[in-house]
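Asks: Single-letter residue listing:
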Amino acid sequence: DSGVTQTPKHLITATGQRVTLRCSPRSGDLSVYWYQQSLDQGLQFLIQYYNGEERAKGNILERFSAQQFPDLHSELNLSSLELGDSALYFCASSLAGAGTYEQYFGPGTRLTVT
Amino acid sequence: GDSVTQMEGPVTLSEEAFLTINCTYTATGYPSLFWYVQYPGEGLQLLLKATKADDKGSNKGFEATYRKETTSFHLEKGSVQVSDSAVYFCALESGATNKLIFGTGTLLAVQP
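First to last, the sequence lines map onto chains A and B.
Under the working numbering, the residues of the first sequence are numbered 359 to 472, in order.
Under the working numbering, the residues of the second sequence are numbered 2 to 113, in order.
Quick caveat, the hints were computed from the structure, so don't treat them as lab data.
Accuracy of the hints is not assured; some may be wrong.
[Unchecked claim] Listed next, the in silico DSS-like pairs over lysine-lysine satisfying Cα-Cα at most 30 Å (straight line): (1) B/Lys-50 x B/Lys-61; (2) A/Lys-415 x B/Lys-78; (3) B/Lys-61 x B/Lys-78; (4) B/Lys-50 x A/Lys-367; (5) B/Lys-50 x B/Lys-69; (6) B/Lys-78 x B/Lys-57; (7) B/Lys-57 x B/Lys-69; (8) B/Lys-53 x A/Lys-415; (9) B/Lys-61 x A/Lys-415; (10) B/Lys-78 x B/Lys-53; (11) B/Lys-69 x B/Lys-53; (12) B/Lys-57 x A/Lys-367; (13) B/Lys-50 x B/Lys-78; (14) A/Lys-367 x A/Lys-415.
[To be verified] Covered stretches of chain B, going by a simulated chain A footprint (3 or more residues, C-beta under 8 Å): (15) 4 to 15; (16) 35 to 45.
Think of the CB as a built atom: it goes at the ideal place given N, C-alpha and C, for glycine as much as any other residue.
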């Protein structure tokens, strides 16, 4: 158990809908990262937050957004869903936003868009 | 941009065989390098890491050496077990923001 929790574990929804994925980092970790794992794109970095502020952006679509709240949990919002958004979404946390700190991964949320 | 290339799988070995999974990288500067493992139905776990050239990361019998001259970080284990069956990802830490760039993953299947 990494100490990072993600909810829900599975999500099935229809095209055009909007969903919210939730992540709680390990106690004491200030940085949260979101990654997408799909069969065609592999594991890709989406976005990073550090202590409530956006720190880095990767291949995140404009239909996707995220935020980190004062209690440091984070939410990833996916809207106008398409079939191609079906993937495993991982959250990871680390102590800080710079320097080499281990990223601890949650178990992931499997999103299926039908 | 920064990238990681790792050998295609699946790799199928018999128990107690020697394992090598190749990984090479392209990056500006000298990034930290990692191997992560993903067991079926689970998230990623850090297996080992190396933060500078010639560093050797090791854990649970797995080893990898950061080779700057060949830009490589190959994963090795002397004697694999059935319980090592999983997907292995090579990754580098890119830039000042610590985002991880992953290779495509290599499925390892160990047969008894």
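Asks: For every hint, state whether the structure bears it out.
Replies: Outcome of the hint check:
1. B/Lys-50 x B/Lys-61: holds (13 Å)
2. A/Lys-415 x B/Lys-78: Between A/Lys-415 and B/Lys-78 the Cα gap is close to 35 Å, so the pair fails against 30 Å, i.e. violated.
3. B/Lys-61 x B/Lys-78: Answer holds: B/Lys-61 to B/Lys-78 is near 9 Å, not above 30 Å.
4. B/Lys-50 x A/Lys-367: Holds. B/Lys-50 to A/Lys-367 sits at ~28 Å (cutoff 30 Å).
5. B/Lys-50 x B/Lys-69: holds (14 Å)
6. B/Lys-78 x B/Lys-57: holds (13 Å)
7. B/Lys-57 x B/Lys-69: OK: B/Lys-57 and B/Lys-69 at ~12 Å, within 30 Å.
8. B/Lys-53 x A/Lys-415: Holds, at roughly 25 Å.
9. B/Lys-61 x A/Lys-415: violated (34 Å)
10. B/Lys-78 x B/Lys-53: Answer holds: B/Lys-78 to B/Lys-53 is near 21 Å, not above 30 Å.
11. B/Lys-69 x B/Lys-53: Roughly 8 Å separates the two Cα atoms, so the pair holds.
12. B/Lys-57 x A/Lys-367: violated (36 Å)
13. B/Lys-50 x B/Lys-78: holds (15 Å)
14. A/Lys-367 x A/Lys-415: Satisfied, since the Cα-Cα distance of roughly 24 Å is no more than 30 Å.
15. 4 to 15: Coverage by chain A is violated for the stretch 4 to 15 of chain B (0 residues, Cβ < 8 Å).
16. 35 to 45: holds (count 4)
Comparing the model with each numbered hint stated earlier shows that hints 2, 9, 12, 15 do not hold.
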